[in-house]
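Engineer: Listed below are the residues making up each chain.
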Amino acid sequence: MAASERLVEHFKTGLSAPICLTWELTYACNLACVHCLSSSGRRDPRELDTDEAKRVIDELQAMQVFYVNVGGGEPTVRPDFFELLDYAVGHDVGVKFSTNGVRIDRAVAHRIAAMDYVDVQVSIDGVDAASNDHVRGAGSFATARRAMDNLAEAGFAGFKISVVMTRHNVDQLDALKALADDYRAQLRITRLRPSGRGADTWDELHPTQEQQRQIYFWLLDRPDVLTGDSFFHLSALGAPLPGLNLCGAGRVVCLIDPVGDVYACPFVLHDRFKAGNVREAGGFTRVWRESALFTELREPASAGACSSCGMYDACQGGCMAAKFFTGLPLDGPDPECVFGHGERALAGVGAEERPSPGPGHSRGPVFVELTRRHE
Amino acid sequence: MSFDAERPYRLNPKVALRPEPFGALAYHFGNRRLTFLKTARMVEVVRALEHHPSARAALRSLAVPEREWPQYERALAALAESEVIDGRE
Ligand code: SF4
Ligand code: SF4
Numbered sequence: 001m002a003a004s005e006r007l008v009e010h011f012k013t014g015l016s017a018p019i020c021l022t023w024e025l026t027y028a029c030n031l032a033c034v035h036c037l038s039s040s041g042r043r044d045p046r047e048l049d050t051d052e053a054k055r056v057i058d059e060l061q062a063m064q065v066f067y068v069n070v071g072g073g074e075p076t077v078r079p080d081f082f083e084l085l086d087y088a089v090g091h092d093v094g095v096k097f098s099t100n101g102v103r104i105d106r107a108v109a110h111r112i113a114a115m116d117y118v119d120v121q122v123s124i125d126g127v128d129a130a131s132n133d134h135v136r137g138a139g140s141f142a143t144a145r146r147a148m149d150n151l152a153e154a155g156f157a158g159f160k161i162s163v164v165m166t167r168h169n170v171d172q173l174d175a176l177k178a179l180a181d182d183y184r185a186q187l188r189i190t191r192l193r194p195s196g197r198g199a200d201t202w203d204e205l206h207p208t209q210e211q212q213r214q215i216y217f218w219l220l221d222r223p224d225v226l227t228g229d230s231f232f233h234l235s236a237l238g239a240p241l242p243g244l245n246l247c248g249a250g251r252v253v254c255l256i257d258p259v260g261d262v263y264a265c266p267f268v269l270h271d272r273f274k275a276g277n278v279r280e281a282g283g284f285t286r287v288w289r290e291s292a293l294f295t296e297l298r299e300p301a302s303a304g305a306c307s308s309c310g311m312y313d314a315c316q317g318g319c320m321a322a323k324f325f326t327g328l329p330l331d332g333p334d335p336e337c338v339f340g341h342g343e344r345a346l347a348g349v350g351a352e353e354r355p356s357p358g359p360g361h362s363r364g365p366v367f368v369e370l371t372r373r374h375e
Numbered sequence: 001m002s003f004d005a006e007r008p009y010r011l012n013p014k015v016a017l018r019p020e021p022f023g024a025l026a027y028h029f030g031n032r033r034l035t036f037l038k039t040a041r042m043v044e045v046v047r048a049l050e051h052h053p054s055a056r057a058a059l060r061s062l063a064v065p066e067r068e069w070p071q072y073e074r075a076l077a078a079l080a081e082s083e084v085i086d087g088r089e
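If you read the protein sequences in the order shown, they are chains F and B.
Take the first sequence: its position 315, counting from 1, is numbered 315 in this note's numbering, and each next residue is one higher.
Take the second sequence: its position 63, counting from 1, is numbered 63 in this note's numbering, and each next residue is one higher.
Note that these hints are calculated values from the structure, not bench results.
Wrong hints could be hidden among the right ones.
Unchecked claim - Listed next, the in silico DSS-like pairs over lysine-lysine satisfying Cα-Cα at most 27 Å (straight line):
#1 F:Lys96 <-> F:Lys274
#2 B:Lys14 <-> B:Lys38
#3 F:Lys96 <-> F:Lys54
#4 F:Lys160 <-> B:Lys14
#5 F:Lys160 <-> F:Lys54
#6 F:Lys160 <-> F:Lys96
#7 F:Lys96 <-> F:Lys12
#8 F:Lys96 <-> F:Lys177
#9 F:Lys54 <-> B:Lys14
#10 B:Lys38 <-> F:Lys12
#11 B:Lys14 <-> F:Lys96
#12 F:Lys177 <-> F:Lys160
Stated by the list, open to error - Cβ-Cβ distance ranges computed for the label pairs, FRET-style:
#13 B:Asp86 <-> F:Asp181: 25 to 35 Å
#14 F:Ala107 <-> B:Gln71: 46 to 56 Å
#15 B:Glu81 <-> F:Asp181: 20 to 30 Å
#16 F:Asp171 <-> B:His51: 50 to 60 Å
#17 F:Gln214 <-> B:His51: 50 to 60 Å
#18 F:Ala347 <-> B:Arg47: 50 to 60 Å
Using N, Cα and C, we set each Cβ at its ideal position, and we do this for glycine too.
With the rest of the complex left out, here is chain B:
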């Protein structure tokens, strides 16, 4: 299922985040893949997902300027693709 910013997401329970100077390293214990969250802001967004009714609501809650939403949504879509985040009900 493709990413939809109006839907709710969460950090995949099989993924652990390790804080790093640039942001965080995400490790998926199932497929053993490493992904890099390249900014501290992106890490905050990913951690906020589960507390909000949609990905966009998470962006809004962190006061991410609306003109930057497309780039965050592209990044989140890539994270959904690599199973770092997944949809929740």
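Here chain F stands alone, though its shape is the one from the complex:
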């Protein structure tokens, strides 16, 4: 369709404000998931305080950013979380926040069920305690289920259950969908990227080629399952998955991190993709509209090694973050290219060539014992 192709071209050259803005409110987290994209754990002393956060909301209102995806860390552990939530909603900025459920007791569930323009997304990574806690830590499944029970009991319709797809839960897709249906919740599945602590665990956790196909065909049959458009590299397998099939980093997507740094996307917490800080003159608006990095990302991208691929229009070479943190060139195939070009390219990348995401805000080494699991 000519009109929508034109529209996608506009998305590539940038919009007056982001469509999909993620705002991580704190690096503090009660959990230490092995694939945490932001390597969260400890609060950062430089985090935006309540007033600074409100100034950001004022800016978002002025820019007509109609909603933000709030995350962390665990955003609900901020003492001013509800104050900021109320402030955002009162300023025409709707909020969808991601939580591991730790603070969603009955009273909180009732409170948010009564709010307009607030949506909740509870994260799990497996359909039972064994498979979930393996990735997210002991007790985390029970915490999430209790939060879901409380939300359902409070009459919160259509909250989201969000699952990062790994080698160990692809076979649980039907069971995860059934769990969401039981709660009258909406299932959301997203792609694992080698970002944050995910850089250390991606090799072992990311779905196999066969499982990628499984995810693709499962999704094609279930257009009601949300994906955050994160599986568009799989559109190279045939019919495109619904959604925007392009990497939106710096074009329609961006991240404001807890200390106010603005990155091209939540999965690229690295200096290479830092565009500025909301505390600088001109604030977030100037970073979004004028930063050198975002201007660069809105230039036409070269297809590089993908240019000979007949499916480039569908897949666009995949995810920039996935390429970057696995050490692949940004203008070439995704590490999970469905035709195996990424795997072949990865074979030539030494571990020392992968950019380090740094220690981030992890509380200490996260001991990963993934290889013990048989499946």
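Keeping the supplied structure of chain F fixed, place chain B with the ligands upon it in accordance with the hints.
Structural biologist: Chain B with the ligands only, in chain F's frame:
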């Protein structure tokens, strides 16, 4: 109720329009859906609706050539369907 170009419409009060290089982005605060108005002309038409006794009168006031009316009316019908515009009395 299906769209009728002879009836009066308006931008749904729950919808905000954000100007963009291609036209505008419409956000419905109730159902949280984003819709794209793909041309600047379409944005003008949507904004004009509330000042005219019918959708067609709005098109006429903006001097949209009559042969283009069917395509605008189809687009307006789609916008009514997604509740970006609604009928008024
Ligand atoms: S870098 Fe990856 S996760 Fe980020 S916007 Fe692009 S495709 Fe999405
Ligand atoms: S070669 Fe590139 S464009 Fe083609 S499917 Fe692989 S990643 Fe996508």
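Engineer: Could you run down the list of hints and mark each one as holding or not?
Structural biologist: Checked hints:
Distance restraint check for lysine 96 of chain F and lysine 274 of chain F: the Cα-Cα separation of roughly 24 Å lies within the 27 Å cut-off, and the hinted pair is therefore satisfied. For the given pair, lysine 14 of chain B sits about 20 Å from lysine 38 of chain B by alpha-carbon distance, which is consistent with the 27 Å threshold. Of the supplied pair hints, the one linking lysine 96 of chain F and lysine 54 of chain F holds, its CA atoms being roughly 17 Å apart against a limit of 27 Å. Between lysine 160 of chain F and lysine 14 of chain B the CA atoms are separated by roughly 23 Å; this keeps the pair inside 27 Å, and the hint holds.
Restraint check for lysine 160 of chain F and lysine 54 of chain F: the C-alpha separation of about 26 Å stays at or below 27 Å, so the hint holds. Only pairs whose Cα atoms come within 27 Å are accepted, and lysine 160 of chain F paired with lysine 96 of chain F is accepted, the gap being roughly 9 Å. A hinted pair counts as satisfied when its Cα atoms are at most 27 Å apart, and lysine 96 of chain F with lysine 12 of chain F qualifies at roughly 25 Å. Simply put, lysine 96 of chain F and lysine 177 of chain F have alpha-carbon atoms about 20 Å apart, close enough for the 27 Å limit, and the pair holds.
Distance check on the hinted pair: lysine 54 of chain F and lysine 14 of chain B sit about 23 Å apart at the alpha-carbon level, within 27 Å; holds. The hinted pair formed by lysine 38 of chain B and lysine 12 of chain F meets the criterion: a straight-line CA distance of about 15 Å does not exceed 27 Å. With a C-alpha separation of about 18 Å, the suggested pair lysine 14 of chain B and lysine 96 of chain F falls inside the 27 Å cut-off, and the hint holds. Proposed proximity of lysine 177 of chain F and lysine 160 of chain F is supported: the alpha carbons are some 11 Å apart, at most 27 Å.
The beta-carbon spacing between aspartate 86 of chain B and aspartate 181 of chain F, approximately 32 Å, falls within the hinted interval of 25 to 35 Å. Checked against the hint of 46 to 56 Å, the C-beta distance between alanine 107 of chain F and glutamine 71 of chain B comes to roughly 53 Å, which is consistent with it. Between glutamate 81 of chain B and aspartate 181 of chain F the C-beta distance comes to about 27 Å, which sits within the given range of 20 to 30 Å. Between aspartate 171 of chain F and histidine 51 of chain B the Cβ separation comes to about 58 Å, which falls inside the hinted range of 50 to 60 Å.
For the hinted restraint 50 to 60 Å between glutamine 214 of chain F and histidine 51 of chain B, the CB-CB distance of approximately 54 Å keeps it satisfied. The hint said 50 to 60 Å for the Cβ distance between alanine 347 of chain F and arginine 47 of chain B, and at roughly 56 Å that hint holds.
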